[in-house]
Every structure is written in structure tokens, then in C-alpha cells.
Amino acid sequence: MNGSEFSWSEFFAMGGYAFFVWTSYGIALVVILLNIVMPMIERKKVISRVKRAIRREQLQQ
Amino acid sequence: MWNWIHKFSSPKYFYDMSAKLVPWFAIPALLIGVYGLYLGLFVAPTDYQQGESYRIIFIHVPAAWMSLFIYMVMATSAAIGLIWQIRLADVVAAASAPIGASFTFLALVTGSLWGKPMWGTYWVWDARLTSELILLFLYFGYMALQSSIEDQRQADKASGLLAIVGVVNIPIIHYSVEWWNTLHQGATVAKFDKPSMHIDMLIPLLLMALAFKLFYAAVVLVRARNEALYRDRNRRWVRELIEKI
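So the protein sequences, as listed, match chains A and B. Residue numbers for the first sequence follow the numbering used here, so the first one is 1 and each next one is one higher. Residue numbers for the second sequence follow the numbering used here, so the first one is 1001 and each next one is one higher.
One thing to keep in mind: the hints can contain errors.
Stated by the list, open to error - Residues from chain B that face chain A, not an exhaustive set, calculated with beta carbons under 7 Å:
{"#": "1", "residue": "I1056"}
{"#": "2", "residue": "S1102"}
{"#": "3", "residue": "V1109"}
{"#": "4", "residue": "T1182"}
Derived by calculation from the structure, the hints in this document are not laboratory data. Positions of the beta carbon are idealized from the N, C-alpha and C atoms, including for glycine.
Generate coordinates for the entire structure from the input sequences, incorporating the hints supplied.
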């Protein structure tokens, strides 16, 4: 930021490019969060799938 | 020696060891990322040509670098899996693909959002953009082959071959800005003479790149653990482990 005093409204305005800059950062945040959450969901899925397979085999015996 | 490699690259051994490693990558990724964002958004000066819009660079360039880096990790792992039959290598390749695809997507979208105010268009079919889009399709192709072929070894073979052949696209992406006339600007950091960038812009850029790399390391470990569990779902170590959860 040039200007001597810092202002939040100036910061969020991004010199008129607010839409492009903040959409970019927003999508980056979503991509990062999905990268964290999706493997967690996947782990639960794998575990429940194996558990079901174990139960099925125990019933067949 | 060979037995030693196979022991330490067994999915079970990897699964046991990797859990402790994740925070060692995840926490530095967070700290460096936050500091890089602070420097990039608050400290780095305004660009004299592009104004504040250039701040997209702190997302766009690290994402684009990761899209290439992860592809090389994926293709190298796939080649190791194909040649030496090391199962963990195939696990790492399969775990890398969705992460690489997500960074490629991010590079394309942020590039597009940067292109609109600077070039006046969201998209042009020029060499850099088109070759990066092909990279996204290579990741998708790899993932499609992985999920559509029932037999895991066949799936690894087919998708691994695609990943290896697709490596030709990597130098095309890198040199596209030199080989063809493109709208995309040339390299400012990765070139042989000094990077043509203000140091207060360069430092946050490199910090963000490091944060993205550490983030990938953490995520690929977690994904590879899932992949190892799933692939060995009929083996005893997974059965014993799951019964304890």
C-alpha cells in the first residue's frame, strides 16, 4: 500500500481490483480446505467399508 | 539391500511411520503460509504497472509451480512402481493425482482472474494456458484410469503409463512462454540471471511456494495412508488395525 496511513477499506478495495484479487484468494482457500477435508471423509469411508466386509465374512462363517 | 527396500516401502510399515510425520509438515505449512500472506498482502509494495492486481501472483505462481512439481512426483513414483514393483510408489502416485489436479485448477482459475483485468480476457488459447489445461486433463485421465480399472495392478500399469507419457507436457509448459508468442508474461523468478522482481515481492512469493510444498507433503501423506489401507483391505494387518478402531 502506498499512502502513509493504513486503511482497511483501501486494503479491501485493492486499488479497484477487489473482485479479481479476493475471488482468487477465496478460491484458493476453498481448494486448501477441500484438500484437508476430503481425505478425512475418505478415511472414514475406507474404515467403514472394511468393517462391513469383516462383519459380512463373520456372518458367512 | 533389496529386502531392506521392500520392508521399508511396505504399505504397513509406511502406515505406521507416517502418522507422526504429518504435523511436521502441516504446522510449518500453516505458519509459513500465514507469514507469507501477511508479507504479500500488507508489506509488498504496489506494482507500478499492474497496481494491486498483481497480488494474485502469491497464489497463482505457487499453485502453478505445484501443478508441475506434483506431476513430476506422480510420474516418477508411477515409473518406480512400474519398473521395480514397489507398491508404496504406486500408492504415492495415486495419492498425488487429486492434489495435483486441485493445484492445476487453482493455477488456471487465478490466472484467468488475473488475465481479465490485465489482458482484457479470462481465457486465450495460447501455448501456456493450453498446455496447463492439458496438464489438468492428464491428472483427470490418471484418476479416471485408477478408478475405472477393477484390478489394482492393471490400473497402476495403465495410469502409470499415461503419467509417464504425459511428462512431455512439462517442458512444453515451462518453455511455452519462450517458444511461442504468448500473452502470458515470461519467467520472472526461474531463470538463469537474477530474478527481475522486487525483493519485497520475491520473498513472500518464495514463502508461499514453500508453504504450498509443505502443505502438499502433509496432504499426500494422509491420502497415501488412506490409499494404503484401501489397497490392503483384504490383508491381515488392515483387518487387525480396523478392528481396533
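Status of each hint after checking the structure:
Using the Cβ-Cβ criterion of 7 Å, the hint placing I1056 (chain B) at the interface with chain A is satisfied: the shortest such distance is roughly 5 Å. This hint holds: S1102 (chain B) has a C-beta 5 Å from the nearest C-beta of chain A, less than the 7 Å allowed. Nearest Cβ of chain A to the Cβ of V1109 (chain B): about 6 Å, under the 7 Å cut. The hint holds. About 20 Å separates the beta-carbon of T1182 (chain B) from the nearest beta-carbon of chain A, more than 7 Å, and the hint is not met.
Taken one by one, the earlier hints fail for this structure only at number 4.
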